[in-house]
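The chain contents come next:
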Amino acid sequence: MNILISYSWLKDYLKTNLSPEEFAKKTTTAGNSVEHIDDVAPRFDKMVVGVIKELKPHPQADRLRIAMTDIGSEVVQIVCGGVNLSVGQRVVVAVPGSKVRWHGEGDLVELKETEIRGEKSFGMICAAEEIGFEKLASGDRMIWDISSLTDAPAGTPVAKALGLDDHIFDIEVTTNRPDAASIIGQAREGHAATGEELKLATGSLQQAAFGVEFEEIAASRKLPAASFRVSVLEKKLCPKYEAVRLDGVKVGPSPWWLQRALLISGHRPINNIVDVTNYVLHEYGQPLHTFDAATLKGGQIVVRKAKKGEKIIALDGNEYELGKDQLVIADAERPIAVAGVMGGSETGTTAQTTSVIIESATFDPVSIRRTSRALNLSSDSSQLFEKGLSQEATRPALARAVELILKVAGGQVASQVATFEAKPFKAPTYRFRPADTRALMGVEDITDEQMYESLRRLGFGIDVNGRAAKVTVPYWRARDIEDPRDLTEEIARLYDYGRIPSVLPTGELTGALPDPVIVLERRLKECLRGAGFTEAYSYSFTNEQELSRYSSSTDQVVAIENPLSADQSLLRPSLIPTMLTTIEANQGEFKEGALFEIAPTYLSREGEIPDQSLELVVAVYGKDGAVAFRQAKGILERVGEELGYSFDVSPHDGDSRWHAGRSARVQGGGKTVGSMGEIAPAISKAFGLDARVTLINLSIESLSRVPAKGLIYEPIPTFPETKRDMAFVVADRVEFLQISQALRGASPLVHSVELFDVYRGAHVGEGKKSLAVHLALRAADHTLTAAEADTAVAAMGQVLVEKFGGIMR
Amino acid sequence: MQSKFQQFKTDFEAQLHTVADRLKLEELRTQFLGRKGKLAELMKEMGLLAQDQRQVLGAVANEVKTAVEAAFAQKETTVRAQEDAAAAQREWIDVTEPGSWPRAGHLHPVSTAIAEISDIFSRIGFSRVRAPEVDWDYYAFESLNMPKDHPARDDWETFFVKQAAGSRQQAAGTEDERIHHELQAASRPLPASPDMGRLVLTPHTSNSQVREMEKGKLPIRMININRTYRRQSDVTHVPMFHQFEGLLIDKDVTIGNLKGTLDYFAKAYFGPSRVTRLRPHHFRFTEPSFEIDISCGLCEGKDSAMCRLCKAGWLELGGAGMVHPNVLKAGGVDPKVHGGFAFGWGVERTLSMKSGMNLDDIRLLYKNDLRFVRQF
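First to last, the protein sequences are chains A and B.
For the first sequence, my numbering assigns the number 4 to the initial residue and increments by one for each residue that follows.
For the second sequence, my numbering assigns the number 4 to the initial residue and increments by one for each residue that follows.
Since the hints were derived computationally from the structure, they do not count as laboratory data.
Do not take every clue at face value.
To be verified - Lysine-lysine pairs mimicking DSS-like chemistry, simulated, CA-CA at most 30 Å apart:
#, chain 1, residue 1, chain 2, residue 2
1, B, K41, A, K429
2, B, K151, A, K308
3, A, K28, B, K151
4, A, K28, B, K165
5, B, K68, B, K41
6, A, K327, B, K151
As the list claims (entries may be wrong) - With beta-carbon atoms standing in for the labels, derived distance ranges:
#, chain 1, residue 1, chain 2, residue 2, range
7, B, Q378, A, D760, 33 to 41 Å
8, B, D122, A, R434, 39 to 47 Å
9, B, W159, A, F428, 39 to 47 Å
10, A, D693, B, P105, 54 to 62 Å
11, A, D319, B, W159, 45 to 53 Å
12, A, A377, B, D122, 24 to 32 Å
13, A, V761, B, A76, 23 to 31 Å
14, B, P105, A, V520, 53 to 61 Å
As the list claims (entries may be wrong) - To list a few chain A residues with every Cβ distance to chain B over 10 Å, as calculated:
#, residue
15, A33
16, E113
17, E132
18, R180
19, E218
20, D250
21, W260
22, A442
23, L443
24, G462
25, P508
26, A588
27, R641
28, V802
This one's a predicted model, so the numbers in the text were calculated from it and none came from an experiment.
Beta carbons: idealized from backbone N, C-alpha and C, even for Gly.
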């Protein structure tokens with residue numbers, strides 16, 4: 004939550020001569036992050052008060068007029084389309100060189116002396132929204148009449164005439180500190196951060212300047228005790244409710260100082276009554292609401308839950324249907340406000356209002372938040388209430404509001420203050436030990452007294468007792484200070500975290516061993532990247548449609564109760580569907596590819612957290628499925644080689660999601676660790692794939708439990724190898740694994756058998772294939788003679804013929 | 004005889020003059036200087052002369068031989084240079100043409116960032132651990148000192164899992180599902196207490212804190228990097244993102260130690276000139292709590308008013324704090340004896356701040372558009 008703090012307004016409560024930058028730096032260090040400082044005056048550079056001396060029609064344009072305007076140094080001619088221009092009027096004149104926003108839209112534009120339809124125009128007479136007051140829109144084709152706002156003479160810089168020489172701090176306030184989301188809150192913080200003097204009337208910070216006087220008025224026996232009756236039916240949801248009636252008020256526009264304060268703080272001026280409540284909201288951080296007393300039925304204010312189906316038209320003009328858990332303020336008949344969120348339009352103040360009831364209350368933060376979210380209705384008030392406000396804050400704010408309304412709208416206090424309080428506030432106290440704080444900060448040079456002084460500056464009461472102190476929490480901090488530990492933070496932030504020395508932790512090392520799954524995950528990624536694969540990275544979400552394309556049931560699939568959208572309503576039980584979707588999305592741009600993803604998959608388990616095992620999916624896709632398969636097989640072998648696994652790949656026993664003739668089970672160390680193969684044509688079609696896709700799907704968890712054999716050194720042969728090639732034809736379905744095992748078994752001299760060509764086609768006949776292999780032959784103790792090699796090759800040939808009916812070529 | 008040597012020299016020089024390539028040059032060498040060449044012949048002839056004549060002639064012969072060989076060497080250099088120049092023309096390669104590449108693989112930038120972050124912390128003794136990303140409310144919220152009605156526990160902030168209805172399904176027939184079941188059999192034990200609450204998609208990585216403490220081994224220095232989930236999706240938010248969480252539990256741990264650790268990371272990851280600052284902040288599970296800022300690498304704090312990247316010379320990195328005593332208690336650690344700090348922040352944010360990767364729409368990270376990933 005961010006709040007705009009006018010430095011000049013802040014100075015109503017903090018006596019300081021610090022420059023805005025110095026102040027910002029100090030208060031930021033103490034935790035009130037000033038994210039931006041807006042220097043207001045320069046926005047009004049080269050803008051002066053102008054007085055219209057004469058108005059003439061524009062000879063070339065019906066909708067324009069020529070305004071002879073006194074800008075102090077001279078009377079200049081300005082062409083203007085404003086329909087509300089009049090002689091003697093005070094206006095804002097932006098002279099050439101100033102920057103304005105045309106009609107309050109688009110970027111700032113620097114004005115130049117110009118000619119409009121043949122008439123010279125020296126600058127421009129501005130509408131409010133053109134000079135940064137978007138919240139004060141002047142109305143269609145109207146200029147901003149400032150006659151009633153200032154009597155500064157022509158030529159006075161606008162910033163001076165309208166009191167705009169100010170700096171605005173944009174301050175981030177953390178959610179636990181709604182007490183700091185106000186002028187007074189920031190004055191208190193500023194006092195603590197800078198040591199500058201806090202200016203609050205009684206010094207106790209508890210009361211507004213007008214407070215004492217107000218207490219006297221409000222308690223006056225001359226006033227009726229109850230011109231309206233307050234009954235709070237929900238004491239938990241509304242621990243405090245106060246209201247007072249003012250009669251004889253005159254609703255109208257606020258004086259400029261009030262409008263100005265609201266405008267530069269981001270509020271929209273509406274009328275003097277509403278403006279005062281917003282002013283006090285900003286100044287005290289306590290939301291207020293005003294009802295037109297005449298519109299209340301039955302002279303009653305009831306704080307209760309809404310009845311089912313009850314409706315209210317809120318001040319935003321929309322109708323809301325209320326739920327039975329939602330707190331409302333009602334009169335005898337109907338809801339008149341969504342408590343703490345927004346008032347109803349039927350009971351709000353209007354131009355005709357003469358009697359108002361001002362509400363200052365405290366509501367349960369959770370209830371406010373849930374109501375606001377449920378109705379999708381939020382306001383400055385609800386945003387404060389939902390963070391939790393102190394019940395002690397209602398009276399000073401009420402006093403301040405009464406003070407200001409009497410000042411800007413007249414009238415008089417017409418009732419005593421009606422007060423409901425579930426139970427009286429009791430300030431929490433904690434036992435605080437400075438030594439603990441010193442140890443936690445890691446700082447030796449801060450004394451007990453310095454710590455106590457920091458707490459005092461923040462409004463805490465200190466009662467020292469030996470090496471500890473009883474600390475009393477001020478009412479505005481009673482919610483966020485929950486533990487003596489919280490006091491350390493208060494002290495440390497005022498000490499300045501920047502001064503705490505930065506020291507790497509010492510102490511014992513943990514001796515923790517690396518997690519094998521994490522190690523494997525990383526090695527796999529690097530190995531696959533090195534082999535030219537690109538990593539996909541997907542959301543963990545899937546949906547029923549994607550799973551059904553993959554013929555996957557939703558049994559055991561983890562479902563999200565409150566998904567953002569239907570297509571992200573499940574957690575994926577497999578990485579394959581997402582991978583196929585990814586290929587489909589990219590096949591237009593990339594006709595072939597090699598991808599992988601490593602991520603957890605999720606399966607629910609009764610009474611346990613879902614299984615979240617890490618898996619790997621590798622995809623090779625392209626026009627030719629056999630090529631893709633071989634590439635995938637190759638990467639599997641390479642991964643095995645690099646990571647020290649030997650994978651056994653054997654034909655799959657049939658899962659209809661795999662291509663029946665091109666799929667296999669992958670085993671490592673005798674255990675199944677996954678599958679590989681081409682995706683079944685039906686699945687491919689369901690995903691709209693143009694390319695043939697071969698996948699490898701491995702469980703990283705399973706793999707991590709397979710003992711890696713590591714890389715084994717084999718002595719470099721002393722005697723050279725003899726290399727021979729061999730080509731032969733066998734039946735197509737004879738597996739190469741069988742052949743290579745048979746060849747190796749045929750002679751002890753065979754060191755390796757490497758397949759380098761496979762041919763199927765007319766030359767070898769139907770149902771046959773021709774294979775060609777490189778053979779490496781060697782003996783450990785001598786160089787082979789040609790005869791020895793020939794004998795070995797012949798033996799292999801014989802095996803081929805005998806075992807597989809092979810024909811040598 | 005002397006004139007024969009002179010003639011030899013004249014002949015040689017005349018022929019040398021006409022030679023333009025190495026082939027001819029070699030022929031010339033054989034003809035004049037070779038083992039059976041003209042010079043050798045003359046020398047042989049000279050050998051037949053009387054000794055006094057030989058002595059006189061010897062000087063001449065030497066002079067001629069030296070001169071001829073020098074001339075030859077010079078010519079050889081010239082011819083070689085000419086040939087090299089010709090080759091340079093003939094074999095010219097446009098060096099600005101792109102080279103040929105082995106097929107390039109690409110890791111997703113988030114993977115790369117995770118690896119870098121893990122490495123940095125491992126150097127100061129923080130080991131990466133694994134924690135569930137779908138976890139009980141207890142670990143994600145309750146044990147972290149977050150009250151039941153905390154906004155993060157509301158349905159509009161956090162994803163919740165539908166409680167599984169009915170009994171546990173028998174393993175279905177397919178291979179993949181069987182593998183899953185094998186895995187389940189070997190997986191983690193049931194939680195200790197039945198009152199673990201709902202299942203959530205963890206909105207932060209802090210669920211690893213109490214889980215790590217429950218392992219019962221102190222001190223702790225751990226990093227948990229995981230997917231995290233929040234109900235948000237727009238140009239600056241993704242519903243799934245990554246956080247990394249650091250936790251140190253030991254005796255006599257100070258705020259200064261937290262600063263030291265964060266400074267080390269900032270300098271190692273972003274560069275030695277960067278500094279961090281702690282700003283007071285608020286989190287339920289730490290006290291005091293901080294927001295960590297890092298000095299802006301773009302404007303270096305000099306022209307921060309105009310900087311598009313930072314706020315007044317600082318960039319927000321993440322959150323940190325001293326572990327709240329209630330969290331320690333939840334993890335079975337005695338806050339009177341042990342203390343610690345924790346920190347956590349977004350991997351995507353860290354990544355984008357380092358590389359200046361200016362993504363207009365952060366959702367691009369997880370769209371699996373290969374045109375994106377192939378840039379890394």
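Do the hints match the structure? See the list:
1. K41(B) x K429(A): Violated. K41(B) to K429(A) sits at ~126 Å, over the 30 Å cutoff.
2. K151(B) x K308(A): holds (22 Å)
3. K28(A) x K151(B): violated (37 Å)
4. K28(A) x K165(B): violated (48 Å)
5. K68(B) x K41(B): At roughly 11 Å apart (the allowed maximum being 30 Å), K41(B) and K68(B) satisfy the hint.
6. K327(A) x K151(B): holds (21 Å)
7. Q378(B) x D760(A): 33 to 41 Å: holds (38 Å)
8. D122(B) x R434(A): 39 to 47 Å: holds (45 Å)
9. W159(B) x F428(A): 39 to 47 Å: At 32 Å between Cβs, range violated.
10. D693(A) x P105(B): 54 to 62 Å: violated (27 Å)
11. D319(A) x W159(B): 45 to 53 Å: Violated, at about 21 Å.
12. A377(A) x D122(B): 24 to 32 Å: Given a distance of about 47 Å, which is not inside 24 to 32 Å, the answer is violated.
13. V761(A) x A76(B): 23 to 31 Å: violated (60 Å)
14. P105(B) x V520(A): 53 to 61 Å: Violated - the Cβ-Cβ distance for P105(B) and V520(A), about 29 Å, lies outside 53 to 61 Å.
15. A33: Answer for A33(A): violated, closest chain B Cβ roughly 7 Å.
16. E113: Since the minimum Cβ distance to chain B is about 18 Å, E113(A) lies beyond 10 Å and the statement holds.
17. E132: About 25 Å separates E132(A) from the closest Cβ of chain B, which puts it past 10 Å; holds.
18. R180: violated (7 Å)
19. E218: With a cut-off of 10 Å, E218(A) remains clear of chain B, as the shortest Cβ separation is near 35 Å.
20. D250: Answer for D250(A): holds, closest chain B Cβ roughly 41 Å.
21. W260: About 29 Å separates W260(A) from the closest Cβ of chain B, which puts it past 10 Å; holds.
22. A442: The claim breaks: A442(A) does not keep its Cβ more than 10 Å from every Cβ of chain B (closest is about 7 Å).
23. L443: violated (6 Å)
24. G462: Since the minimum Cβ distance to chain B is about 17 Å, G462(A) lies beyond 10 Å and the statement holds.
25. P508: violated (4 Å)
26. A588: violated (7 Å)
27. R641: holds (12 Å)
28. V802: holds (34 Å)
When the structure is compared with the earlier hints, violations turn up for hints 1, 3, 4, 9, 10, 11, 12, 13, 14, 15, 18, 22, 23, 25, 26 and for no others.
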